[in-house]
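Visitor: Sequence:
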Amino acid sequence: MVKRTSFEGDACPVARALEALGDWWSLLIIREALLGVRRFGEFQNKLGMAKNILATRLRALVDHGILTTAPASDGSAYQEYVLTPKGRGTFPILVALRQWSEEFDDYPEEIETILVDRAKGRPIRKIELRAEDGRLLTLADTTLKPRPAPRRRSASARSNL
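Residue numbers (my numbering): 1 to 161.
Keep in mind that the hints were calculated from the coordinates and are not lab data. The C-beta atom is built at its ideal place from N, Cα and C for all residues, glycine as well. Fair warning: there could be bad hints in the mix.
As a list, the in silico EDC-like pairs of lysine to aspartate or glutamate whose alpha-carbon atoms are at most 20 Å apart [unchecked claim]:
id, residue 1, residue 2
1, K51, D63
2, K46, E32
3, K145, D23
4, K51, E80
5, K51, E32
6, K126, E102
7, K86, E132
8, K86, E8
9, K126, D106
10, K120, D105
11, K46, D106
12, K126, E103
13, K145, E132
14, K126, D141
15, K86, D106
16, K46, E19
17, K46, E112
18, K86, E19
19, K46, D23
20, K86, D23
21, K46, E80
22, K86, E109
23, K51, D23
Here are the in silico distance ranges between beta carbons for each label pair [what the hints assert, rightly or not]:
id, residue 1, residue 2, range
24, D23, T84, 14 to 24 Å
25, Q44, E103, 28 to 38 Å
26, P71, T138, 23 to 33 Å
With the hints as constraints, model all of the structure from the sequences given.
Guide: Now the structure itself:
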C-alpha cells in the first residue's frame with residue numbers, strides 16, 4: 001500500500017487546498033451537499049460509494065471544517081452533515097471545474113444539465129479572473145511574488161489588548 005503524502009503546512013496554497021478537499025470522492029460529496037444532501041444514506045445512494053470509503057471521506061471533511069454534523073432536522077436519532085461557511089466557499093471551485101468540463105470534455109453533449117441563474121433561468125457566465133481595476137486576466141498577465149511580512153504592532157498597540 002502506498003502512503004499518501006500530506007500537504008498540510010505546505011507553502012503552496014493549491015497543495016494546502018487539496019489537503020483539505022481531498023480526492024475526487026470528497027469533491028463529489030461536497031457537490032451533493034451543495035445540492036442539499038445531508039444524510040449518510042443519501043450520499044451513499046447518490047454516489048454509489050462503499051460505506052467505509054464514504055465514512056472515511058465524511059470524517060475527513062468534518063475534520064477539515066468543510067462539513068459539520070448536526071442532529072437530524074426531522075427529529076430522528078440520525079445525524080446530518082451540514083456545510084460550514086468553509087464548505088459553502090467551495091461553490092466557485094465546483095463551478096470552475098464544471099465549466100472547464102463543459103468546455104473541454106470530449107463529449108459535452110452527454111452533460112445532462114446546465115447551471116442557470118435561479119431568478120432568471122438563464123445560463124451563468126463563465127467564471128473570469130479579473131484585476132482589481134476590472135481588467136480580464138490570463139495566465140500571462142499574472143505572476144507569483146513573496147507575501148509581504150506581517151506588520152508588527154507597536155508596544156502601545158499591544159498594551160491596549
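Visitor: When the hints from earlier in the document are held up against this structure, which numbers fail?
Guide: The structure breaks hints 3, 7, 10, 11, 15, 16, 22 and 26; every other hint is satisfied.
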